[in-house]
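Between the sequences and the hints, there should be enough to build the whole structure, so can you do that?
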Amino acid sequence: MDLHNQVKAIRLQRSLTQEALANVLGVTRQTIISIEKEKFVPSVKLALELAKALEVPMEKLFWLDERRGE
Amino acid sequence: MIKGMTLYYVSRIIITAIFAALLYFTGMLLWQVLLVGGVILALFLWAPHSGRYAIHPEFGITALRRDERSQSINDQAARIAFIVSMLFSGGILVSLGLMGVTSIPIALVMLVPAVGALSYFISDLWFRRSQQ
Chain H
1 MDLHNQVKAI
11 RLQRSLTQEA
21 LANVLGVTRQ
31 TIISIEKEKF
41 VPSVKLALEL
51 AKALEVPMEK
61 LFWLDERRGE
Chain U
1 MIKGMTLYYV
11 SRIIITAIFA
21 ALLYFTGMLL
31 WQVLLVGGVI
41 LALFLWAPHS
51 GRYAIHPEFG
61 ITALRRDERS
71 QSINDQAARI
81 AFIVSMLFSG
91 GILVSLGLMG
101 VTSIPIALVM
111 LVPAVGALSY
121 FISDLWFRRS
131 QQ
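For the protein sequence lines, the chains are H and U, in the order given. Quick note on my numbering: the first sequence kicks off at 1 and runs consecutively. Quick note on my numbering: the second sequence kicks off at 1 and runs consecutively.
Some hints here could point you the wrong way.
[Claimed, not checked] Taking lysine-lysine and the DSSO-like style, the derived pairs with C-alpha atoms no more than 30 Å apart in a straight line are: (1) U/K3 with H/K52; (2) U/K3 with H/K60; (3) U/K3 with H/K45; (4) H/K8 with H/K39; (5) H/K37 with H/K60.
[To be verified] A few chain H residues that face chain U, going by a derived Cβ cut-off under 10 Å, partial list only: (6) Q6; (7) K8; (8) T31; (9) I33; (10) S34; (11) F40; (12) L48; (13) A51.
If you're looking for bench data, these hints aren't it; they were derived computationally from the structure. Think of the CB as a built atom: it goes at the ideal place given N, C-alpha and C, for glycine as much as any other residue.
Shown next as structure tokens:
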């Protein structure tokens, strides 16, 4: 099962740049790019930090296969 | 230069100076010492802008930290480098054995870490490119 996310969409809704989000999480901008392009699967810790930073429930940010988060 | 990173920059200048002094006292020519020192310092100055490290100025001299993606890439690259080095060493042994050479030339043995390092850097670069 593939992991999908809508980090980019929610980040843009929050008017956050990749750089700003990376700074909040203490990671590189490249990591945010990779996560948004679904080329890197973050750890549970980083995923939870992302959800917290973007103020959305984890299940809205990440889901498996075709199930989209609501 | 990134604000709040003074400790990082000062520490890297000191490290470069110590390394350059060591090279000088081992007999290297002054222009070579300056060249090597300059390259090392340039790499230290470039590192915070390379996108390879998360920047945490609050940690002072250790302000550059690998985040989990970088760590994962480094781990994969290290595994590949190890495997390539082992295969290369095995290849040397088998080839020399088949040729009937009983002693291994030291120059060939010295190639093993070089091949390992090269495969590490190529893998690292490849994973960084492919995961973007």
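Okay, the hints, checked on the actual structure:
| no. | hint | in the structure |
| --- | --- | --- |
| 1 | U/K3 with H/K52 | 27 Å, holds |
| 2 | U/K3 with H/K60 | 36 Å, violated |
| 3 | U/K3 with H/K45 | 28 Å, holds |
| 4 | H/K8 with H/K39 | 13 Å, holds |
| 5 | H/K37 with H/K60 | 17 Å, holds |
| 6 | Q6 | 19 Å, violated |
| 7 | K8 | 14 Å, violated |
| 8 | T31 | 4 Å, holds |
| 9 | I33 | 6 Å, holds |
| 10 | S34 | 5 Å, holds |
| 11 | F40 | 5 Å, holds |
| 12 | L48 | 13 Å, violated |
| 13 | A51 | 16 Å, violated |
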